[in-house]
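Undergrad: Chains as they are written, first to last, in numbering that gives the first Met the number 0: chain A, 0 to 200; chain B, 0 to 200; chain C, 0 to 200; chain D, 0 to 200; chain E, 0 to 200; chain F, 0 to 200; chain G, 0 to 200; chain H, 0 to 200.
The reader is advised that the hints may include incorrect statements.
FRET-style restraints, in silico, Cβ to Cβ [what the hints assert, rightly or not]:
#1 B:Ser-50 - D:Ala-17: 12 to 20 angstroms
#2 G:Asp-48 - D:Thr-75: 22 to 30 angstroms
#3 E:Leu-18 - D:Thr-75: 45 to 53 angstroms
#4 C:Val-115 - F:Gln-4: 26 to 34 angstroms
#5 D:Gly-21 - B:Ser-50: 23 to 31 angstroms
#6 C:Gln-117 - B:Thr-13: 29 to 37 angstroms
#7 F:Gln-4 - C:Ser-66: 36 to 44 angstroms
#8 B:Arg-7 - E:His-10: 22 to 30 angstroms
Pairs of lysine-lysine residues, derived as DSSO-like cross-links and limited to a Cα-Cα distance of at most 30 angstroms, are as follows [stated by the list, open to error]:
#9 A:Lys-6 - C:Lys-6
#10 C:Lys-141 - B:Lys-6
#11 H:Lys-6 - A:Lys-6
#12 D:Lys-6 - B:Lys-112
#13 D:Lys-112 - G:Lys-6
#14 A:Lys-141 - A:Lys-112
#15 G:Lys-112 - F:Lys-112
#16 F:Lys-112 - H:Lys-6
#17 E:Lys-141 - F:Lys-6
#18 G:Lys-141 - H:Lys-141
#19 F:Lys-112 - F:Lys-141
#20 D:Lys-112 - D:Lys-141
#21 G:Lys-6 - H:Lys-141
#22 F:Lys-6 - C:Lys-112
#23 G:Lys-112 - G:Lys-141
#24 F:Lys-6 - H:Lys-6
#25 B:Lys-112 - B:Lys-141
#26 E:Lys-6 - B:Lys-6
Computed footprint of chain H on chain D; a stretch qualifies when at least three of its residues, placed anywhere within it, have a C-beta under 8 angstroms from a C-beta of chain H [what the hints assert, rightly or not]:
#27 96-107
#28 122-133
#29 136-142
#30 146-158
Derived by calculation from the structure, the hints in this document are not laboratory data.
Computed from a predicted model, the values in this text were never measured in an experiment.
For every residue, glycine included, the Cβ atom is placed at its ideal position computed from N, Cα and C.
There are 8 protein chains.
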Amino acid sequence: MVFGQGKRPEHVATLATALLEGSDRLLVTRASQDAFAAVSAEIPDAVYDDSARTIVVDRREAREQVSGVVVASGGTSDAPVAEEAAITAELMDCRVERLLDVGVAGLHRLLDKVDVLQNARVVVAVAGMEGALPSVVGGLVKAPVIAVPTSVGYGASFEGVTALLAMMNSCAPGVIVVNIDNGFGAGYLAAMIARAGADKS
Amino acid sequence: MVFGQGKRPEHVATLATALLEGSDRLLVTRASQDAFAAVSAEIPDAVYDDSARTIVVDRREAREQVSGVVVASGGTSDAPVAEEAAITAELMDCRVERLLDVGVAGLHRLLDKVDVLQNARVVVAVAGMEGALPSVVGGLVKAPVIAVPTSVGYGASFEGVTALLAMMNSCAPGVIVVNIDNGFGAGYLAAMIARAGADKS
Amino acid sequence: MVFGQGKRPEHVATLATALLEGSDRLLVTRASQDAFAAVSAEIPDAVYDDSARTIVVDRREAREQVSGVVVASGGTSDAPVAEEAAITAELMDCRVERLLDVGVAGLHRLLDKVDVLQNARVVVAVAGMEGALPSVVGGLVKAPVIAVPTSVGYGASFEGVTALLAMMNSCAPGVIVVNIDNGFGAGYLAAMIARAGADKS
Amino acid sequence: MVFGQGKRPEHVATLATALLEGSDRLLVTRASQDAFAAVSAEIPDAVYDDSARTIVVDRREAREQVSGVVVASGGTSDAPVAEEAAITAELMDCRVERLLDVGVAGLHRLLDKVDVLQNARVVVAVAGMEGALPSVVGGLVKAPVIAVPTSVGYGASFEGVTALLAMMNSCAPGVIVVNIDNGFGAGYLAAMIARAGADKS
Amino acid sequence: MVFGQGKRPEHVATLATALLEGSDRLLVTRASQDAFAAVSAEIPDAVYDDSARTIVVDRREAREQVSGVVVASGGTSDAPVAEEAAITAELMDCRVERLLDVGVAGLHRLLDKVDVLQNARVVVAVAGMEGALPSVVGGLVKAPVIAVPTSVGYGASFEGVTALLAMMNSCAPGVIVVNIDNGFGAGYLAAMIARAGADKS
Amino acid sequence: MVFGQGKRPEHVATLATALLEGSDRLLVTRASQDAFAAVSAEIPDAVYDDSARTIVVDRREAREQVSGVVVASGGTSDAPVAEEAAITAELMDCRVERLLDVGVAGLHRLLDKVDVLQNARVVVAVAGMEGALPSVVGGLVKAPVIAVPTSVGYGASFEGVTALLAMMNSCAPGVIVVNIDNGFGAGYLAAMIARAGADKS
Amino acid sequence: MVFGQGKRPEHVATLATALLEGSDRLLVTRASQDAFAAVSAEIPDAVYDDSARTIVVDRREAREQVSGVVVASGGTSDAPVAEEAAITAELMDCRVERLLDVGVAGLHRLLDKVDVLQNARVVVAVAGMEGALPSVVGGLVKAPVIAVPTSVGYGASFEGVTALLAMMNSCAPGVIVVNIDNGFGAGYLAAMIARAGADKS
Amino acid sequence: MVFGQGKRPEHVATLATALLEGSDRLLVTRASQDAFAAVSAEIPDAVYDDSARTIVVDRREAREQVSGVVVASGGTSDAPVAEEAAITAELMDCRVERLLDVGVAGLHRLLDKVDVLQNARVVVAVAGMEGALPSVVGGLVKAPVIAVPTSVGYGASFEGVTALLAMMNSCAPGVIVVNIDNGFGAGYLAAMIARAGADKS
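If we strip away everything but chain A, and leave its shape as in the complex, we get (with noise of 0.2 angstroms):
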């Protein structure tokens, strides 16, 4: 895995060739479209997200999925974060079902999916602004619910941090949180319990 935000794509591409070369994976995280133009000078198979603004690689052959993983996400703006989260995932041979714009502002939204979040093993959370979509989905259901803050809003939002303060303080019992913007790390940890149950059964 690649943490593309910050390098050059020169940097990112060599990064990534010489990950390939011990792995049959690559996941690029935050890169920019000249980021996966010059990996996929070097890597043709690439695939670029535009919205998660991810690069995958996976020469692996089909392996069965794991079911169980639900990611959703309040507004529009949390969207990439969600995306980054669900790709990671999948990566990790997770099938992940996605519920976008179901923030709690428009509660019947959120509350015609219950049955998906019932179900679902492991919630990745995504929101901004004031975060409550946790706590929400955390009173929903009985899975551990992983919170990730973004830094969508503006003013007293404060990129991200009163998402995160407010996850942190969910009255819901089963909310973990990460960074602000960690859609890999929620996607990662989502994969990693998802399948701790599965690999059991």
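Since the structure of chain A is already known, use the hints to place chains B, C, D, E, F, G and H on it.
TA: Quick look at chains B, C, D, E, F, G and H alone, frame taken from chain A:
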């Protein structure tokens, strides 16, 4: 109105007596049992509310009350602030509907009361910890929602600052915020808004 | 309503067009000149306000307007946020009185308008720097005062945080606060309150 | 579960008695000696843990326990929070391995237990001050690591905020964070994760 | 001058006695009743001010006083800090005009005293909560305004930090700020400035 | 006076021209080269200071100047703010003595100028980073010291906040603080104080 | 070494006794009088320092001491932390020169001791409030300066945070910082550095 | 030494040339490629380090070097700051051992170098994100550890503040902290300490 916190009982009693010379109503907020004892010795018709920690005197004749104020609170520990808001609005001639213990982690309790909320002219939403209640309420109603952060919580709740910031960033339009634990201010405003509507009728 | 900040012009235009399919009104806030150009190409009757940076479309027939909304602002740099509030309230069928440049350092300008303030059903008070305007206004009127901190200032103004905190601590009862630079939210609320009063008449 | 902090002993006893009417298990966290005395008078089979400050009642028949939960803590002052986590997980039918006093300043003590850590399904890592333990543990294991910052420290530890922030920024993937001193939340989550794995077997 | 806070009574008495050996004036600030009792036993001519919590000794012959210092304060709870400033300036041979309870929420009380303010050589403006008084005063006078934030308030007043920040951002030129509750510093400076003007006459 | 930062050149020129219609003096602070070009086209006698980034117009006849203002600054990067203070005081008819590069890490440079400092009526002390200069100066002089924190520094200097806080806590009496980088405010106040002394002579 | 703060006297005594079984030296920091009483009952040769609040046991034969450690402190209230540093270094076989009350507001007292400072191998500089002492000392000496912020101060000193930040930003090279009130850490490090030099001789 | 950040290339060149008139050594930190081009035109023997962004001139004859300085860094992004520290120490006649990429999430890499660390006279430990490296190193060595927080990270790393706070709270004795990204300060101090030991031999 007297802000009782940090004032000595006899000082509260003196202020209360003085105020009642020019008024037929009195509200003391954040009043201790000792303060009430001192006030009560001077003003036998003073009434103490053990939960809200308010002392109320109302010597006016019965007046018509305005309906449409709903006070909702998240956890049991938020109840005193909610009660302070309710008592304040009542003293300003509003009929108040209380919805206690309707925190977002147990969403069904709140949803059971949707009709009460949707008939309100104004809702006071009181919550500590992650402060998500006003956002959820704001998504359910068309009336203004006055959000009151409380100092309930621990660790990264920072004695109400997290709830305050979350409420400032509410993704639901129509949410406005007062200071931490400021039940009085919220009740006062709710009464202003409810009466503005009613006075015109 | 579309929050234009951080969105690409063509994305704003797409959202605007989509919204107008289900509505006869549209408000885009924090819209750049480029965003307006893109919107205007699709929606010829869109109107841009250079100061407030809003795009407005109103295809409804002339409607009766509610009076009683006053928008006051402190310094010249606070005017765009004040204008966003005013335009929002106007689009919600309110007649808005603007009091610009009535900051507390030149008190007489504000005092010259006391009658306007005291006739308001609701006042929006917009200020940056030390954010004192809402307190002073709150002491002059009996109506609710919606305080809007702006990011105007430098150094220890912390891009509006100081004004926000000052407003949260207003010593005048009846003051409520929205997020930094949130002219839209303040205008929306002011209209709700003003119309609540008027709708009942 | 009852959060005992800030509640009066008799109030804790009332809540505890009420909860046991509908359940055969009870956990009171942050319970004082006085609270235990009050509970014990009503519920003779309540058990108090002096370090974790928990009151536990478990009236169920012996149940099979799930293995795989490890609770590690940094300094001696972190032990109460660690114990709260362990007791919580045990009450949720997990067998818990405790690794106390394995702070990063004495690395060999932690390294001596690498095999215990690497056999875990989930690790709870409790630390105050600089909060480095979860990062080091996260680098040693493949299982999820639930990081619990404690309020242990002085000066620039800011009662756990420094540890919380450090844990949010862990360079090891697989680390998730709960609120300061939230041993209960960590134990609850650890049990959820461990049992998810085991329930499927 | 002795800063009495946090010092044991007998320690204050020892320091006070030592200072009076080399001086004919003494000021102890933030002195408790107990500290005064200890000082008084050694220094019978010490005078205690119950509100400002100062102990003053002045053994000099009557001296001519400089006029032109005005000390204004916002709320009743700000009075002790204002009084500390006034007593300090008086001990430095200034005649002090006190304007108490002239907070911005009741503007007319302040405006009634405009002539007093405009005749001042220097104004000390003491306020807690939102700290707006110095800005309003600064707009009314041409003299320097020394702003003193107080720790009066609750919630988001952060024990005076909000007032301090607001004062730092005053939109009125001529406003300068001292530390929270630092009545002594403000009085000392006011006397320096007033006397500078007078000494030259 | 015009605050030039964040204003477009032509807007600055318009404001400047307007102000000069009612006055024979003008000061624009934080003016860019482009702003000066625009102003200069309209006002040929405008003078630009490249370091302080000020535009000055003074059309009055030569006036007598008051002496006694000293402006001292710590590092070379603090010089622009110091120069802004000096130019402001000069425009208010003060003769200003500049002591540049007298930071506390090279104490002898400051001590070489003790006589200049001790003859001052008022000292402006400008410093970034740890902001220690005003404390040291305050210990050397009897005159008021106006402390100006600058945004010079990196990392934990937080763009001047550290210097501001340090100056608020100066152990030397007689130190007062203005906002970060507020050379204008400091110069304005210094002139007020110096002239107050001189006007009376 | 035992950190005594927050530990019960009998617990301190137990820890102290245990440590002395494997060592011939003991240091308890932040020890109360009660803790000393408990320790003293078990360990008759324990020595208490009332100012530094340390308990020391040294059962080794007289050892040669290394010179070159200077401990300087700003105000009288900083002395306990300075003394803790000095006692720690002495227990590690250093001869310590103490320079108390040499704060920057009375510069001549510090300058009188320049020769002592310049002969040091390492200086510990202890200061609260604005924390300027280490910068001034750092400009006078070539040896490393260990800066210790203290929690002395009020208002915007934030219990030592302001001093800590100021010291982190020292403009003098060679200044390093430890945690607030951490006299032990500073003394320990000073001894390490002084002995490193001396051990090689 | 010249701090290059924020200075124009030609200004850096002027300062560099001036300094070399009175010295046979020069260090420019945070120098851009452009700054080097300008310097190089004047000073042909200047050497640029692309990673550390330093410009070095050393015109002295070969001198004996002191050994014992180890510079360790956590992630690849921390390398520039580590290199700045190393180059600084080398210019002060120290031989520097570099241990790059030894972050705590991959503990074995650090443990492989334990002998190098334990032979050091002083260790510089450079880390961003959670800043745990100095604590782990401090537990492994007896020499002083100079901790350098870097601004590497995102979200709640707050551009190095989290790492700085974590390092201030290190549970390992012997850890001292410099400002964020202050490789120069750390290298300077490391050289002072290493040479102090060696000079005495």
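Undergrad: If a hint holds in the structure, say so; if it doesn't, say that too.
TA: Do the hints match the structure? See the list:
1. B:Ser-50 - D:Ala-17: 12 to 20 angstroms: holds, 18 angstroms
2. G:Asp-48 - D:Thr-75: 22 to 30 angstroms: Since Asp-48 of chain G and Thr-75 of chain D have Cβ atoms about 25 angstroms apart, the given range 22 to 30 angstroms holds.
3. E:Leu-18 - D:Thr-75: 45 to 53 angstroms: holds, 46 angstroms
4. C:Val-115 - F:Gln-4: 26 to 34 angstroms: holds, 32 angstroms
5. D:Gly-21 - B:Ser-50: 23 to 31 angstroms: holds, 25 angstroms
6. C:Gln-117 - B:Thr-13: 29 to 37 angstroms: holds, 33 angstroms
7. F:Gln-4 - C:Ser-66: 36 to 44 angstroms: Between Gln-4 of chain F and Ser-66 of chain C, where Cβ atoms are some 38 angstroms apart, the hint holds.
8. B:Arg-7 - E:His-10: 22 to 30 angstroms: Given about 27 angstroms between the Cβ atoms, the range holds.
9. A:Lys-6 - C:Lys-6: holds, 24 angstroms
10. C:Lys-141 - B:Lys-6: The given pair, whose Cα atoms are some 27 angstroms apart, holds under the 30 angstroms limit.
11. H:Lys-6 - A:Lys-6: Holds. Lys-6 of chain H to Lys-6 of chain A sits at ~24 angstroms (cutoff 30 angstroms).
12. D:Lys-6 - B:Lys-112: holds, 28 angstroms
13. D:Lys-112 - G:Lys-6: holds, 28 angstroms
14. A:Lys-141 - A:Lys-112: holds, 15 angstroms
15. G:Lys-112 - F:Lys-112: holds, 21 angstroms
16. F:Lys-112 - H:Lys-6: Judged against 30 angstroms, a Cα distance of about 28 angstroms means the pair holds.
17. E:Lys-141 - F:Lys-6: holds, 27 angstroms
18. G:Lys-141 - H:Lys-141: holds, 24 angstroms
19. F:Lys-112 - F:Lys-141: holds, 15 angstroms
20. D:Lys-112 - D:Lys-141: holds, 15 angstroms
21. G:Lys-6 - H:Lys-141: holds, 27 angstroms
22. F:Lys-6 - C:Lys-112: holds, 28 angstroms
23. G:Lys-112 - G:Lys-141: Status holds; Cα separation ~15 angstroms.
24. F:Lys-6 - H:Lys-6: holds, 24 angstroms
25. B:Lys-112 - B:Lys-141: holds, 15 angstroms
26. E:Lys-6 - B:Lys-6: holds, 24 angstroms
27. 96-107: Result for this restraint: holds, n = 5.
28. 122-133: holds (count 4)
29. 136-142: Check passed, 3 qualifying residues.
30. 146-158: holds (count 5)
Hint violations for this structure: none, all hints satisfied.
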